[in-house]
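Two chains, each in its own frame: build the complex with the hints.
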Amino acid sequence: MVKKIASWFYLLIIFLFLYTPIAVLVLMSFNKSQYNTLPFEFSARWYHELFSNTRLIESTFNSIYLALLTGLISVILATCLMLGLSKSKSKLKNWIQSFVVLPLSIPWLIMGLSLLLLLRAVGLDRNFIILLIGHVIVSFPYAVMVLRARMEGMDHFLQEASASLGANDWTTFIRIILPLIFPAILAGGFLAFMISFDNFILSYFLIPMGSSTLPIEIYSSIKFGFTPEINAVSTLILGGTIAILLLIVLLMGQTLKSFMK
Amino acid sequence: MRKSILLMSPAMFMLFAFGIIPLFIMLYYSFLSDGAEASFTLDNYINFFKKAFYLQLTWKTIRMSLIVTFICLLISYPVAYIMAKVIQKGKNLLLLLIIIPFWTSQLVRAYSWMTFLQDGGILDYLLRKLHLIGDGGLGILFTQTAVIISLVHIFFPYMVLTIYMSLEKVDLSLLEASRSLGASSWETFRRIILPLSKPGIITGAILIFVPSLGVFVEPRILGGTEGSVIGTVIEDQFFEIYGWNFGSAIAFILLAMVFLSLWLLSRLTKED
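First to last, the protein sequences are chains A and B.
According to this note's numbering, the first sequence holds residues 41 to 301 in order.
According to this note's numbering, the second sequence holds residues 4 to 275 in order.
The following block holds chain B by itself, in its conformation from the complex (with noise of 0.2 Å):
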């Protein structure tokens, strides 16, 4: 018994000293007041709320994460279907194919697509070359679309696998039995396949939903100045105002946030 603690300690207390602990030393500070005499107020959480800039702000990360989790899903359902149900060869080499984009560095992953996208880029040369755009430009790169689709990039293959898992466990032979029960296509995707993936489809809502919320490096290299999120603004508030108590309480407000979408998240399994 002795021995298990002292094996878990080392782990316990870097968790605890560096994790914890620093957490509530920013809770600290985001209940004091700028100045010198710096005193205990609620006026750092008074004002997100008060000012329509951040409640505007706070819905427009909610949605852009909304926006790239339901991306997500749309195009990675498919794509772990097909790999769990419709083709039998091939399966190892598409996982290591999905999986090999997660080695490659966020930055350049962003850099790319803004090479990719820029006007005078690639997207735009080609398009330009088959007459499907004008000189005009494409218009795409700094606005919150380059960032959505960045980060459908850098998350749908996440939700592949986490559906691709749980679709991988359904029985071919229930699909069998309800159709020669009469069933139509449809209504055995909405009755028998959709209904037991829901748990593949939620681990994958989880592991996209909430790391959106607190994006802040795609926004920054792709978003321009429309593609401000509770992030950047957080990032603006240490480094460029030094508004460090200020800049505390909105992380909170965005930790609160993660836990919140977590716990409803999490509810959304149990029920069954």
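If we strip away everything but chain A, and leave its shape as in the complex, we get (with noise of 0.2 Å):
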């Protein structure tokens, strides 16, 4: 019992120290003062201002955008990738596989800058093609992670059941496959979009001048004078964020459950 409640003290410390900042944050969004400073005054103003402040709504859309496209890419990359390795029996596929997520330990800055070396060698300006490419580098080795785990369990008799009961290539993928891997290229998609919409260090890099995304908003708003209404923006996405994750947890709850019965 002693063990219990201790455990439980833990781990409310632990979740104190998680939550400090999105507490802050969340708090600070309807705070008064334009510093950030207590006693705390209930206010709604940033969120008013936030709707004036075009620039910023202009930059959160950008990065939507961005992020809709790096994430449709990235999980259609995986996906082709993930479909080509299963019927694969190169002696190269083990090889493939770790190379396909060797992004994911390079330094993001070290990409960044590699990339805009590139931009150099061949003489181009930075340029919005080049940022997605970017974007789609380091956020598809996430989205070929979930779809390996998920295709991994797959079982390949459905497939060759399908093929030995006539169904071509194209039906069996659009009848077996895609039904069986759906909930992962949700998932990987969604993966992908976070990662890129969230993506500061490319951005910063590789982002045409006068263009600007919410995180180069945020980080040019910290380092010359901070805008309460970057708390709201946050705010409004963070809630946003969790409404989509729980939908896509009820979504994958649903597939699964219906391929149980």
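Keep in mind the hints are simulated off the structure, nothing from the lab.
Computed from a predicted structure; not experimentally measured.
Some hints could be false.
What the hints assert, rightly or not - Per the computed footprint, the stretches of chain A lying under chain B, defined by three or more beta-carbons under 8 Å from a beta-carbon of chain B, are:
1) 44-56
2) 144-153
3) 228-241
What the hints assert, rightly or not - In silico lysine-lysine, DSS-like type, Cα no more than 25 Å apart, as pairs:
4) B:K172 with A:K43
5) A:K133 with B:K6
6) B:K94 with A:K43
7) A:K43 with B:K88
8) A:K131 with B:K6
9) B:K92 with A:K43
10) A:K72 with B:K132
11) A:K43 with B:K201
12) B:K88 with A:K44
13) A:K129 with B:K6
14) A:K127 with B:K6
15) B:K92 with A:K44
16) A:K44 with B:K94
Backbone N, C-alpha and C define an ideal beta-carbon position, used for all residues, glycine too.
Here you go:
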């Protein structure tokens, strides 16, 4: 009993530590003071000002647009790759599998700077395409990991059965494989979306002059004097993310259940 | 067979063209001398290893990463153990609570710590209300301590998850057997639980130590002048000093450190 109480007490302290920055963020988004100082005085002022801060809103939409494209491309590349790998009997298979997740262990700082050097070597300016490519390179290994976890548990007999019953590859893909891996496609895409949406480093190095994403706005705001609208927009995004996360958990739970039946 | 190659080729092309080739371009630049007539040189690397400043910086970065990894291990192990073996209810909720902070912006979290730790900030305010400190201020912000706090906060959930996953697999009957054979709790922990959770500890250490070597955002925001690490110095080379060749050399030294520690840590798991 004592052990249980001590355990819960320890967990409480750790979770307090874990949620301190989030609590500070939400609290300060409703605090009247511009300099994040106490005592706390309730005010919705920063939410009002957020909606007239066109630069912040524009950069938020830039981030969403970039992250949507990144998530989509990453998950398509990862799905094709994993399908190809599952068909392949090559000896290179293991090598390819560790090669594709290599970008996970290279610091983003180095990935970003090396792409910047690539631009210099071919004599191009920073542009949207290279920004998108940079985001895809760092996000797509995550989608690969999610898909791999799902496809390793997949039954090969289903594909063979489908083929022996006369279905061609395309029909097998649409009717057998796709429904099986769809939850992983969704989860992998969402993961890649979030990696990109929150990615500051790659954007910071590769964004075209004059454009901006939300993380870049946040960084320059921290560097050159903070505007509390950032707290407000981050609180809104946190709420939105948790909602999407719960939705995915529910959706995946549903799909899992429907497969159990 | 040809179909599988066709399916794999877009991703492989992408990785080669925009992941590997840029690294080789960076390697190439790291061997170039500055000035109008660039020629092949080893000077960039020699300069790094000759100057005490850079060697101290390297050691400081490694030390910081070790401290962060060690603190993460210390605070994560009990959390993972409690979740895997002590409590029965609420595991999934706790796992969800561990994961949610992953989805908040790294920058915003760093900024929140700034708000929390600064002199006159929330912690300062609370401690002064409780008369635990005087009016002198906390003095934590813009030191390496602040950087370490924020990195531990970002990374320890990884360690909780990896240790939890390896502890989850440990059979409770093993622990009962050990106890009924007269082993004390400490002995059971040291001889049974700890060895069985080693893979989780090492995976966690890889996920924490390796990225810690390359951080530069948290040291920039929270570390002040005291916080400079290899990552911030590389960024300075590229964006403040415009020493791209020297910056490339430092980046490659960092990359070598990353791969060396990956190799060392993954060897630890293979030994058993």
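How the hints compare with the structure:
Only residues whose beta carbon comes within less than 8 Å of a beta carbon in chain B count, and the stretch 44-56 of chain A has 7; three or more means the coverage holds. Three residues within the 8 Å Cβ limit are the bar, and the stretch 144-153 of chain A against chain B gives 8, so the coverage statement holds. Look at the stretch 228-241 of chain A against chain B: 4 of its residues bring a Cβ nearer than 8 Å to a Cβ of that chain, three or more, so the hint holds. Among the hinted pairs, K172 of chain B with K43 of chain A is consistent with the structure: their alpha-carbon atoms are about 22 Å apart, no more than 25 Å.
Taken as a hint, the K133 of chain A and K6 of chain B pair is honoured in the structure, with Cα atoms around 15 Å apart against an allowance of 25 Å. Distance check on the hinted pair: K94 of chain B and K43 of chain A sit about 17 Å apart at the alpha-carbon level, within 25 Å; holds. A hinted pair counts as satisfied when its Cα atoms are at most 25 Å apart, and K43 of chain A with K88 of chain B qualifies at roughly 12 Å. Between K131 of chain A and K6 of chain B the CA atoms are separated by roughly 16 Å; this keeps the pair inside 25 Å, and the hint holds.
Distance restraint check for K92 of chain B and K43 of chain A: the Cα-Cα separation of roughly 15 Å lies within the 25 Å cut-off, and the hinted pair is therefore satisfied. Between K72 of chain A and K132 of chain B the CA atoms are separated by roughly 21 Å; this keeps the pair inside 25 Å, and the hint holds. Restraint check for K43 of chain A and K201 of chain B: the C-alpha separation of about 24 Å stays at or below 25 Å, so the hint holds. Distance check on the hinted pair: K88 of chain B and K44 of chain A sit about 11 Å apart at the alpha-carbon level, within 25 Å; holds.
For the hint pairing K129 of chain A with K6 of chain B, the CA-to-CA distance comes to about 12 Å; that is within 25 Å, so the pair holds. Of the supplied pair hints, the one linking K127 of chain A and K6 of chain B holds, its CA atoms being roughly 8 Å apart against a limit of 25 Å. For the hint pairing K92 of chain B with K44 of chain A, the CA-to-CA distance comes to about 12 Å; that is within 25 Å, so the pair holds. Among the hinted pairs, K44 of chain A with K94 of chain B is consistent with the structure: their alpha-carbon atoms are about 14 Å apart, no more than 25 Å.
Checked against the numbered hints above, the structure violates none of them.
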